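A.B. asks: Residue strings, one per chain:
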Amino acid sequence: MIFKFNELLKNRKISSLELTKKYFDAIKEMDKTLNSYVCLSEDEAFKTAKLVDEKIAKGEEIDLLEGLPFTLKDNISTKGIETTCCSKILKGYVPIYDAFVWEKLKEKNAVLLGKTNMDEFAMGSTCETSCFKGAKNPHNTDYVPGGSSGGVSAAVAGGLCAYGLGSDTGGSIRQPASFCGLVGLKPTYGAVSRYGLVAFASSLDQIGPITTSARDAAIVFDAIAQKDIQDSTNKGAKEKTVPHLNDPISSLKIGVAKEFFSYGDEEVLKHVNEALKTYEKMGATIVEISLPLVDYALMVYYIIACAEASSNLGRYDGIRYGMREGGYKNFHEMICKTRSEGFGKEVKRRILLGTYVLSAGFYDAYYKKAQLVRGAIVKEFRDAFEKCDLILTPTAPSTAFKAGFSSLDPILSYMADVCTVPINIAGVAAISLPCGFDEKGLPIGMQLIGPNFSESRLLNVANMFEEETNRCYFKKVLKGVYPDEL
Amino acid sequence: MNKEELYDIAILSKLEIKEQDVDEILKDMENIISFAQKINDAKVLDETVEDLNDLENILREDEVIPSYPQEEILKNAKTKEDGFFYLKNTEK
Amino acid sequence: MNYDIVLGLETHVELSTKTKIFCGCTTAFKGEANTHCCPICIGLPGTMPRLNKEVLHYAIMAGLALNCKIAKYSKMDRKNYVYPDLPKAYQISQHDKPLCYDGHVTLSNGRTIGIERIHIEEDAGKLIHEGGATYVDYNRGGVPLIEIVTKPDFRDVEEAVEYLELIQLTMRYIGVSDCKMQEGSLRCDVNVSVKPSSQEELGTRTEIKNMNSFNNIRKAVNFETNRQIDVLSSGGKVIQETMRFDVENKETSPMRGKEDAQDYRYFKEPDLVRIHIEEDEVLKIKESLPELYGEKLKRYVEEFKLPVADAKLLVEYRKVAEFFEESTKNVKEIESYKNCSNLILSMIFAKFETETEKEEFKILVSAEEMEKLLNLIETKKIRNNMAKKTLDEMLLTGKKVFDIISEDDLKGLTDEELEKICSAAVEQNEKAVKDYMSGKVKAIKSLVGFVMKETKGRADANLAEEILVKILQQKG
Numbered sequence: 001m002i003f004k005f006n007e008l009l010k011n012r013k014i015s016s017l018e019l020t021k022k023y024f025d026a027i028k029e030m031d032k033t034l035n036s037y038v039c040l041s042e043d044e045a046f047k048t049a050k051l052v053d054e055k056i057a058k059g060e061e062i063d064l065l066e067g068l069p070f071t072l073k074d075n076i077s078t079k080g081i082e083t084t085c086c087s088k089i090l091k092g093y094v095p096i097y098d099a100f101v102w103e104k105l106k107e108k109n110a111v112l113l114g115k116t117n118m119d120e121f122a123m124g125s126t127c128e129t130s131c132f133k134g135a136k137n138p139h140n141t142d143y144v145p146g147g148s149s150g151g152v153s154a155a156v157a158g159g160l161c162a163y164g165l166g167s168d169t170g171g172s173i174r175q176p177a178s179f180c181g182l183v184g185l186k187p188t189y190g191a192v193s194r195y196g197l198v199a200f201a202s203s204l205d206q207i208g209p210i211t212t213s214a215r216d217a218a219i220v221f222d223a224i225a226q227k228d229i230q231d232s233t234n235k236g237a238k239e240k241t242v243p244h245l246n247d248p249i250s251s252l253k254i255g256v257a258k259e260f261f262s263y264g265d266e267e268v269l270k271h272v273n274e275a276l277k278t279y280e281k282m283g284a285t286i287v288e289i290s291l292p293l294v295d296y297a298l299m300v301y302y303i304i305a306c307a308e309a310s311s312n313l314g315r316y317d318g319i320r321y322g323m324r325e326g327g328y329k330n331f332h333e334m335i336c337k338t339r340s341e342g343f344g345k346e347v348k349r350r351i352l353l354g355t356y357v358l359s360a361g362f363y364d365a366y367y368k369k370a371q372l373v374r375g376a377i378v379k380e381f382r383d384a385f386e387k388c389d390l391i392l393t394p395t396a397p398s399t400a401f402k403a404g405f406s407s408l409d410p411i412l413s414y415m416a417d418v419c420t421v422p423i424n425i426a427g428v429a430a431i432s433l434p435c436g437f438d439e440k441g442l443p444i445g446m447q448l449i450g451p452n453f454s455e456s457r458l459l460n461v462a463n464m465f466e467e468e469t470n471r472c473y474f475k476k477v478l479k480g481v482y483p484d485e486l
Numbered sequence: 001m002n003k004e005e006l007y008d009i010a011i012l013s014k015l016e017i018k019e020q021d022v023d024e025i026l027k028d029m030e031n032i033i034s035f036a037q038k039i040n041d042a043k044v045l046d047e048t049v050e051d052l053n054d055l056e057n058i059l060r061e062d063e064v065i066p067s068y069p070q071e072e073i074l075k076n077a078k079t080k081e082d083g084f085f086y087l088k089n090t091e092k
Numbered sequence: 001m002n003y004d005i006v007l008g009l010e011t012h013v014e015l016s017t018k019t020k021i022f023c024g025c026t027t028a029f030k031g032e033a034n035t036h037c038c039p040i041c042i043g044l045p046g047t048m049p050r051l052n053k054e055v056l057h058y059a060i061m062a063g064l065a066l067n068c069k070i071a072k073y074s075k076m077d078r079k080n081y082v083y084p085d086l087p088k089a090y091q092i093s094q095h096d097k098p099l100c101y102d103g104h105v106t107l108s109n110g111r112t113i114g115i116e117r118i119h120i121e122e123d124a125g126k127l128i129h130e131g132g133a134t135y136v137d138y139n140r141g142g143v144p145l146i147e148i149v150t151k152p153d154f155r156d157v158e159e160a161v162e163y164l165e166l167i168q169l170t171m172r173y174i175g176v177s178d179c180k181m182q183e184g185s186l187r188c189d190v191n192v193s194v195k196p197s198s199q200e201e202l203g204t205r206t207e208i209k210n211m212n213s214f215n216n217i218r219k220a221v222n223f224e225t226n227r228q229i230d231v232l233s234s235g236g237k238v239i240q241e242t243m244r245f246d247v248e249n250k251e252t253s254p255m256r257g258k259e260d261a262q263d264y265r266y267f268k269e270p271d272l273v274r275i276h277i278e279e280d281e282v283l284k285i286k287e288s289l290p291e292l293y294g295e296k297l298k299r300y301v302e303e304f305k306l307p308v309a310d311a312k313l314l315v316e317y318r319k320v321a322e323f324f325e326e327s328t329k330n331v332k333e334i335e336s337y338k339n340c341s342n343l344i345l346s347m348i349f350a351k352f353e354t355e356t357e358k359e360e361f362k363i364l365v366s367a368e369e370m371e372k373l374l375n376l377i378e379t380k381k382i383r384n385n386m387a388k389k390t391l392d393e394m395l396l397t398g399k400k401v402f403d404i405i406s407e408d409d410l411k412g413l414t415d416e417e418l419e420k421i422c423s424a425a426v427e428q429n430e431k432a433v434k435d436y437m438s439g440k441v442k443a444i445k446s447l448v449g450f451v452m453k454e455t456k457g458r459a460d461a462n463l464a465e466e467i468l469v470k471i472l473q474q475k476g
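For the protein sequence lines, the chains are A, B and C, in the order given.
So the first sequence is numbered by my numbering: it starts at 1 and just counts up by one.
So the second sequence is numbered by my numbering: it starts at 1 and just counts up by one.
So the third sequence is numbered by my numbering: it starts at 1 and just counts up by one.
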């Protein structure tokens, strides 16, 4: 899609300004239902679009992403544009600095349409913990788009932007991509700079693209996965991924681990197995592997993610930014009141758990043990990749949930992340891509997992699947903006 | 987890717990904790915690970078005065 | 019953790197509120720390100066607590793998104080409480600190004070901190416990926080040990708690209520990577360390034969000692060290009013010129009073030695010449001569003064006096 848009712009079939206007028109019409955007940045967008049009008018070369409208999840810091993480506590917060990824896209004159909806502080799998109310799934608005990057997915799937950047701590890019029939890439820990990503769980968070194709994901990933000295844990990508999109996959060994197939709905498993057959047909070999510790990944995840979150979210005290609750007797009370009023239920639940597992007397049994198991999981994946190139799993055990399904039983909703969480625990790379629809017409996603810094191979293998299946699993569902309709 | 423990954790977390919510939160926490406890069934042979990546000694040179203007630093503060973040000690 | 006092110190030393520990903001002490700040050091959401290389370097220097081992692998941890001066609600510090460990220092009474560990961490911002409100300034937030933790090895408060002075001098010496208590670049927490002398194991300790002067430490420790002894002797138990010292009432009191209950929930800082220091790097730093205070003092007394009190004054400030050594590097007579020391202590120090001036030691005289001056004294070409006068002018004007002293001045006086001038003195100072003759022997001094003035100090005053007396006797 990015390539087609770029052709249209270069050939002056449409100007960047016109394209941007079309997007805003579509947003204004359809987002009343979808609720994917929480903030629009029209001034910023039009300014950049005009700049790009001038360049084109002068006959200058433009980059693939230049002049092309996109969106950022609302936990990515944007100077001068409100960044709330969809939490009441950060309403009105306007950053004074840019996240690295936004800086990179800004350099390319990418057109930022606005910030998109998410679960509060990225804690959730439905987008429903947002203080702006949840976004809807464009495939069926009775359903959630997934989470936490639900707004990005809804916007991309609804044709309300060309692509978007989300963040993934335990599946927050891949699961909504899967629920909305899109491609979502969770890069290797350290491939994309986290500088400017409002931290949820620092040892798990990564920024990645949500797009309508593997090729688009590759283009965006190449633009953002550069070495950044501001993030000490960052290395940048190993290589550009676009040149490898069509590398042969005939010698590919795909690992299948039963642990990932024990939770899924029948329909989901059926389509994932069909995808496996497609790969076999394309020349790949299927290898059976086992990752027994994966069963503990979810517990490791909740312990580590909550522990880090309890620390990362300590700073919201109402003093330097964000809301402050009045009526207090001292600092302690002011801070407690502000946080109790400003944070939603799920966020508070996770802060309490995180504080608990780190507190004296419980640290060894929970946090330390979780670190040990995490280390073992890292090794288990490393060993598995001795036997195969990639591992294929469902992205989520089910298709999208009906709105309002979650929140009743926290454990049950945590289980929805069972296939995606182990990847963040291991720090490796994974991609979700569509591989079918269920009876209700909701998209099904499969996940390809690769070793550290294997984004090239993942995107290549995903792209070859799309080409083999004629992109039949991507469906335009709303009257958004699409290049072939311009 | 008992009530007492929950209140202690809440103080550390700087969160208020209203009397009417205690039971529900306790039940939730119990639920999640007993789920998390299953981690102790995991058999781990190696007692060392592996670093997630092999990076070490990522360091910055000791060179001054100009600071931000004061008004930028204070831009998002609810209350500020004379270049300071400002906070009344009590408020009705 | 007799009680033993047991003290341990946790000393915070602010490092004098150019920039903060995790961002490029300046560490300069002065400045309007919140003007040495950036998104990182005010903890804006999404920002990440970047560790300053020089902080590691300085901390290792400090560790080596205090005879510590340097950890091959260490890491940064988060210490979680909420307070308005701590913008991230955690302090990035080191918990279980400090950079330096297992060192010691020796006090003047020969007792050794164990250094348990030295770790690096960031400072908090500053709160000003005024008129029912609090003003927050984050300029100090993120300034690098080292925390030096001793074993509970002090037996009285004077030992603790001596240790602190030694830390102060050592840190200044190796140039990692200016250690100014009044500016807060040296602060300490004192752990206090008492136990019956007959008892082996240590008593329960309390911690007095944030002491910022030697006097307050003395007062606080005295108050607290007496309090603890009172508690124990009346059959009570000391509670382990954190105390503050109230300077006005001169008493300690518990610091925290229940809502401030502390449980720091340390865990590894996920935004930073492992610190790895190889042995050869430690060796390199060790070799680059200047001679330390204690060693230098010993050398000044033993080698240069300086009185201990004088040597201490010279050694206290690194730049003074450097100037002294540079000036005396080529001297041949042992007496010249003493001459140099005297000139510095009497002439140069007289120009300084503050400690800072001594520390900075900004003077218009180079060591090279000082060396020339010392050489003139050593070769007896000029005398002490002349040297002092010359140095005084050099300090005021920045002139070189030979801009002030001419070739003529350096020519020795023949006895004839001296006699001539003496005769002239007698002829031209009738009053003094009259006084002398009438029995006021002291009047000879003013005649000597005249001779010295005429000869621009080249004359040997004793010899001049001899000649004058002779002339006057002949006259009489």
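Quick caveat, the hints were computed from the structure, so don't treat them as lab data.
A couple of the hints might just be wrong.
DMTMM-like, lysine to aspartate or glutamate: derived pairs with alpha carbons at most 25 Å apart [as the list claims (entries may be wrong)]:
1) A/K337 with A/E325
2) C/K286 with C/E454
3) C/K53 with B/E56
4) C/K195 with C/D310
5) B/K18 with B/E30
6) C/K72 with B/D8
7) A/K277 with A/D265
8) A/K329 with B/E30
9) A/K345 with B/E56
10) A/K88 with B/E19
11) B/K88 with A/E467
12) C/K286 with B/E63
13) C/K298 with C/E165
14) A/K368 with C/D96
15) B/K78 with A/D383
16) C/K381 with C/E454
17) A/K329 with B/D54
18) C/K180 with C/E454
19) C/K362 with C/E183
20) A/K270 with A/E239
21) A/K345 with B/E61
22) C/K126 with B/D62
23) C/K75 with B/D8
24) C/K97 with B/E56
25) B/K88 with A/D265
26) C/K72 with C/E353
27) C/K126 with B/D82
28) C/K79 with B/E56
Remember, predicted model here, so these are calculated numbers, not experimental data.
A.B. asks: Provide an ascending list of the numbers of those earlier hints which the structure does not satisfy.
C.D. replies: Result: hints 2, 4, 6, 8, 9, 11, 15, 17, 18, 20, 21, 23, 25, 26 break, sorted rising.
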